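Peer 1: Listed below, chain by chain, are the residues.
Number of protein chains: 2
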Amino acid sequence: MNNRNILENELLQVEAEELVHHIGEVIRIHGSIYKIRKMSDFAFVLLRTKRSVVQGVYSAECSEFPMESLTEESTVIFTAKVVAEERSKVGYELLLLKVEILSMPTESTPIVINQKKVDTSIENLLNFRPITLRNEKERAIFKLQEGIGRAFREFLYGENFTEVHTPKIVAAGAEGGANIFKLDYFGKEAFLAQSPQFYKQMMVGVFERVFEIAPVFRAEKHDTSRHLNEYTSVDFEMGFITGFEEIMDMEERMLTFMLAYLQEHYSKELELLKVQLPVIEKIPRVRFLEAKEMVSKAYGREIKDYEDFEPEEEKLLSELIKKQFGSEFVFVTRYPSKKRPFYAMESKENPEETLSFDLLFRGLEVTTGGQRIHGYEEQVAKLKRLGMTVELFESYLMMHKHGMPPHGGMGLGLERLTAKLLGFENVRYATLFPRDINRLTP
Amino acid sequence: MNNRNILENELLQVEAEELVHHIGEVIRIHGSIYKIRKMSDFAFVLLRTKRSVVQGVYSAECSEFPMESLTEESTVIFTAKVVAEERSKVGYELLLLKVEILSMPTESTPIVINQKKVDTSIENLLNFRPITLRNEKERAIFKLQEGIGRAFREFLYGENFTEVHTPKIVAAGAEGGANIFKLDYFGKEAFLAQSPQFYKQMMVGVFERVFEIAPVFRAEKHDTSRHLNEYTSVDFEMGFITGFEEIMDMEERMLTFMLAYLQEHYSKELELLKVQLPVIEKIPRVRFLEAKEMVSKAYGREIKDYEDFEPEEEKLLSELIKKQFGSEFVFVTRYPSKKRPFYAMESKENPEETLSFDLLFRGLEVTTGGQRIHGYEEQVAKLKRLGMTVELFESYLMMHKHGMPPHGGMGLGLERLTAKLLGFENVRYATLFPRDINRLTP
Numbered sequence: 001m002n003n004r005n006i007l008e009n010e011l012l013q014v015e016a017e018e019l020v021h022h023i024g025e026v027i028r029i030h031g032s033i034y035k036i037r038k039m040s041d042f043a044f045v046l047l048r049t050k051r052s053v054v055q056g057v058y059s060a061e062c063s064e065f066p067m068e069s070l071t072e073e074s075t076v077i078f079t080a081k082v083v084a085e086e087r088s089k090v091g092y093e094l095l096l097l098k099v100e101i102l103s104m105p106t107e108s109t110p111i112v113i114n115q116k117k118v119d120t121s122i123e124n125l126l127n128f129r130p131i132t133l134r135n136e137k138e139r140a141i142f143k144l145q146e147g148i149g150r151a152f153r154e155f156l157y158g159e160n161f162t163e164v165h166t167p168k169i170v171a172a173g174a175e176g177g178a179n180i181f182k183l184d185y186f187g188k189e190a191f192l193a194q195s196p197q198f199y200k201q202m203m204v205g206v207f208e209r210v211f212e213i214a215p216v217f218r219a220e221k222h223d224t225s226r227h228l229n230e231y232t233s234v235d236f237e238m239g240f241i242t243g244f245e246e247i248m249d250m251e252e253r254m255l256t257f258m259l260a261y262l263q264e265h266y267s268k269e270l271e272l273l274k275v276q277l278p279v280i281e282k283i284p285r286v287r288f289l290e291a292k293e294m295v296s297k298a299y300g301r302e303i304k305d306y307e308d309f310e311p312e313e314e315k316l317l318s319e320l321i322k323k324q325f326g327s328e329f330v331f332v333t334r335y336p337s338k339k340r341p342f343y344a345m346e347s348k349e350n351p352e353e354t355l356s357f358d359l360l361f362r363g364l365e366v367t368t369g370g371q372r373i374h375g376y377e378e379q380v381a382k383l384k385r386l387g388m389t390v391e392l393f394e395s396y397l398m399m400h401k402h403g404m405p406p407h408g409g410m411g412l413g414l415e416r417l418t419a420k421l422l423g424f425e426n427v428r429y430a431t432l433f434p435r436d437i438n439r440l441t442p
Numbered sequence: 001m002n003n004r005n006i007l008e009n010e011l012l013q014v015e016a017e018e019l020v021h022h023i024g025e026v027i028r029i030h031g032s033i034y035k036i037r038k039m040s041d042f043a044f045v046l047l048r049t050k051r052s053v054v055q056g057v058y059s060a061e062c063s064e065f066p067m068e069s070l071t072e073e074s075t076v077i078f079t080a081k082v083v084a085e086e087r088s089k090v091g092y093e094l095l096l097l098k099v100e101i102l103s104m105p106t107e108s109t110p111i112v113i114n115q116k117k118v119d120t121s122i123e124n125l126l127n128f129r130p131i132t133l134r135n136e137k138e139r140a141i142f143k144l145q146e147g148i149g150r151a152f153r154e155f156l157y158g159e160n161f162t163e164v165h166t167p168k169i170v171a172a173g174a175e176g177g178a179n180i181f182k183l184d185y186f187g188k189e190a191f192l193a194q195s196p197q198f199y200k201q202m203m204v205g206v207f208e209r210v211f212e213i214a215p216v217f218r219a220e221k222h223d224t225s226r227h228l229n230e231y232t233s234v235d236f237e238m239g240f241i242t243g244f245e246e247i248m249d250m251e252e253r254m255l256t257f258m259l260a261y262l263q264e265h266y267s268k269e270l271e272l273l274k275v276q277l278p279v280i281e282k283i284p285r286v287r288f289l290e291a292k293e294m295v296s297k298a299y300g301r302e303i304k305d306y307e308d309f310e311p312e313e314e315k316l317l318s319e320l321i322k323k324q325f326g327s328e329f330v331f332v333t334r335y336p337s338k339k340r341p342f343y344a345m346e347s348k349e350n351p352e353e354t355l356s357f358d359l360l361f362r363g364l365e366v367t368t369g370g371q372r373i374h375g376y377e378e379q380v381a382k383l384k385r386l387g388m389t390v391e392l393f394e395s396y397l398m399m400h401k402h403g404m405p406p407h408g409g410m411g412l413g414l415e416r417l418t419a420k421l422l423g424f425e426n427v428r429y430a431t432l433f434p435r436d437i438n439r440l441t442p
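So the sequences go chain by chain: E and Z.
265 is the number that the working numbering gives to position 265 of the first sequence; each next residue is one higher, with no gaps.
193 is the number that the working numbering gives to position 193 of the second sequence; each next residue is one higher, with no gaps.
Take these hints with a grain of salt, some might be off.
Copies of one chain are not kept apart here, so a pair can be met inside one copy or by any two copies together.
With a cut-off of at most 25 Å between alpha-carbon atoms, the simulated SDA-like pairs for lysine to any residue come out as follows [what the hints assert, rightly or not]:
| no. | residue 1 | residue 2 |
| --- | --- | --- |
| 1 | Lys382 | Thr441 |
| 2 | Lys81 | Ala60 |
| 3 | Lys182 | Val390 |
| 4 | Lys221 | Ser103 |
| 5 | Lys268 | Gly243 |
| 6 | Lys304 | Lys315 |
| 7 | Lys38 | Ile169 |
| 8 | Lys221 | Asp184 |
| 9 | Lys137 | Leu270 |
| 10 | Lys188 | Tyr429 |
| 11 | Lys221 | Ser88 |
| 12 | Lys116 | Gly375 |
Read the hints as simulated data drawn from the structure, not as lab findings.
Just so we're clear, the structure is a prediction, and the values are computed from it rather than from any experiment.
Looking at chain E on its own, in the form it has when it is part of the complex (with noise of 0.2 Å):
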C-alpha cells in the first residue's frame, strides 16, 4: 500500500452521493457503521452516511485496523480507496484503509434495524423512534415527506402565494366542537389551533393568496389508523376567486407539479421505497350525493346517513373510481352544510349544500376545502342561524367588515398523504413522532 504516508486531514473529504467521481482515489468519509457482515477472510461494512448506505470492504490485507474495532453504530470515519466493483449497483465500493473511531455506542440496539426492514411491532417501532428511524428504509419515508412539503413550497411561491406564520395558541378554535386542546394562559383559557382557518383567512385580505406549513392540533378520542392528535397542515387560501373549482385546480396542479418533483429529485427514496406514484391526468369530481348512490348501486349498500361518509364508503368510492376513471383520486364536492363550519359559502341554488369539496386518495380524505363566506353581512347571519354568538368572533369578523374578496382554499394533511402515497395503511408509520391518544413519547 502506498498510501500509508499521506496525511489523513490532506484528503478529500467526500460525501457518499460524489464517490463515483473518485473512482481509483483514497478519501475519507464519515457516518455511522450500519452494518457489518463477517466473510471467511473478510467483511462488509456498510456505512449509512446522510443519505446513502455505502459498501466498504475490510480486508486483514489492506486494512490497516484490526476488524474488531469496528461495531455496528459506532460513528466513524474512514479512510477508504474508492474502487471499482461490478457487482456492486452503484459501480464502486470502498477498501477501508484506516479508521478512526469517533463514538461507540454502549449497547447493541433493542431491535434489530439493519436488515431490509424492521421486522417488529408498530408498538416498538414507535417506541424505539430514535433507532429505529436510523434503519435505511424506514428514515426514506420522511425524506421522500420532506420533498413532499418542499414541492408544494416551491409551487406556491410560484404561483404568488405568500408564506405566513400563524399563532397556534388562540383564543378560540376554528372548527368549533370539542375535540379541541385547552391550556392555562397566565390564568385566561386559551386553545390549540385546531387549523390556521381564521388567519390564513385574515391574511387573505393582505397578500391575496397565502399558504402555511405548521402543525395543527385536534383532540380527538379516535384511535383508529387514520387520526393524530398533531400533525403538519398543508393550508393555503387564495383571493379573487369565481368558484370553488378554482381551488380544486389549485391543488390539482400542486399535486402533479409535487409527483414530478418526486420523480427529479427523490428517486432514490422512491426506488428504495418501490412507491408507486399515482398518475394525475384529470382528477374526477364528484358530486356528494351522487357519490353516495354511486357507491349504493355499486356495492348494493344501504344509504345510512345522508350527511356523511363512512370510512368504508370512501374506500369502495375510490375503488368506484379508480376502475371507472382510471383515477387514484377523487374530489367529492359540495359537502351537506350540516357537516360544514360555519364559515362554509353555502350554494346560491341550493343553501342545503356548500361549495365545498374532500379530496380522497386511495380510499382516505386528505384534504378539506371549499369557498368561505365573504360577506359581513351574510356571515353575521348565519352564525346567528346556527345559534352562535357573534361577539365571540369579533376579531374574525373585522376582515369581513372591512373588505373581502371572493375566496376559498384548503388544508391537506401532510402525514395522511405521505401514508397513502407510500402505500401504509397506518398514517403512524409516515409520523416521525406521533401524537396519539395513547402515545405521548418519544
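Position chain Z against the provided structure of chain E, taking the given hints into account.
Peer 2: Same frame as chain E, now just chain Z:
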C-alpha cells in the same frame, strides 16, 4: 374609446408585476382599492394587489362608471388601459375604463391604513391586525420575513440538511425550568415544546444534518420588547463536527446567503422599508468573559453578574464591536456552564465553560447554539451531577446509548432577526399575530 366592444372576459388578466410589459394594451386586473385621491376633474385610485400598489386614474371622460361607485377597501376587477407615464416611478399607470365590484366594506376602517405609515399606538396596531396589515409597509415586513425563512431553507437544503417535523406536544420540556406551558392530554400532563432540541438531536443520529422552522412556546412572564410567548424558531443540528466553531461557520454562511437572497428576490420590500442590510465579512467571536470585560472597561461599568449578560450589556457590546470591527453581528462564545442546559458540552480544559455561543445582532441575542454531549456515560453523569432524574430522560438518552456522532446546532428567533434587520425596537412589529402575557387575540 374603441374598447366598448371588447368582451371583458376575453381580456388578459394581468398581474401587477407584469403590467410594464403591457403598455398600450387594455387588460383586466383585480385587487382591493387601497386609496382614492380626488382631484378637481379626475381621481387617483390606488389598487392593492398581491405584492404591489398600482396607480390607476379615474377620469370622467374615459371611465365608464361613476366615481361614487368606488370606495376604499372594496375588492374589484378593473378593465384598464396601461398607459406610459413618465412622472410615475414605474413608468406607467392604469387608465380605468370599467369596474366590476366584487365586494364592499360595510364600514370604513377604524384606523387610517393607507398612509405611508399606520399612525397609531402599538396596541391599536396589534388589536386591529387583520386591517392594519393591509398597509403597504406593514405587509412588506412579513413578505420580507417570508424571504428570510425561504433563504434559510434553500441554504440548508443545499448543505444537505433534511427538513423534519417534530412534535410540539411533549412529555417533558427541553430546557427545563418553569417557563413551560402545561396542558391536559387526555388526563395526562403534557407540555408545549420550548424547542425541538431533543428531537433534532435524535434526528442527527438518522440524517446527520437536520433542520426545522416551526413554532415554539415559552411561558415566560416577561413583558418586554424582546419576549414573545410563541415564536418561530429556525433550528438546525449537525453531526460529525470537529468543534463548535463549525456551527458558527455554518450560521455565518447561512446569514450571508440570506442577505444576498433578500437583495436578489425582495428588493421591492427592502426599498419600500428603506432597510439597511448589514454586511457580513467575518463575524467577530469573543469569549463571554472577555466580552464582559471589554464592556466593563469601555463604558466604566462594574461587572455585577459573571454568569450572564444584562440586556444593556448586550447593547453596549454590539456598539463596541461595531466600532472596533465594523460588524453588526458578534458571536459571544463559551458561556458559563451554570447558565446552559444539561446537554451542553463543557470545555475539556475548563469545565466551568461550555462549547456554546450566542449570536448578538444590533444589540439583541438572536441565536443560541453550541455543541452537545454525545456520549451516553458523559450525559448520564452530568444529569446526575445536576441532581436531575435520569429515568425521566429515557427516550432522550436512547440515542446516546446506541451511538451518536459529535454534534451541535443552533436555534434562531425568526421574529427577533426580522425586527433587528428592519431596525425595530419591539419584536412585536415583526410578529404577524404576537402572543404575549397580555395578548391572545387577534
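Peer 1: Work down the list of hints and note, for each, if the structure agrees.
Peer 2: Here's how the hints hold up against the structure:
no., hint, result
1, Lys382 to Thr441, "between (42 Å within a copy, 23 Å between copies)"
2, Lys81 to Ala60, "within (15 Å within a copy, 81 Å between copies)"
3, Lys182 to Val390, "within (21 Å within a copy, 30 Å between copies)"
4, Lys221 to Ser103, "neither (43 Å within a copy, 41 Å between copies)"
5, Lys268 to Gly243, "neither (39 Å within a copy, 32 Å between copies)"
6, Lys304 to Lys315, "within (16 Å within a copy, 68 Å between copies)"
7, Lys38 to Ile169, "neither (54 Å within a copy, 44 Å between copies)"
8, Lys221 to Asp184, "both (21 Å within a copy, 13 Å between copies)"
9, Lys137 to Leu270, "within (10 Å within a copy, 44 Å between copies)"
10, Lys188 to Tyr429, "between (37 Å within a copy, 24 Å between copies)"
11, Lys221 to Ser88, "neither (49 Å within a copy, 60 Å between copies)"
12, Lys116 to Gly375, "neither (56 Å within a copy, 28 Å between copies)"
The earlier numbered hints that this structure contradicts are 4, 5, 7, 11, 12.
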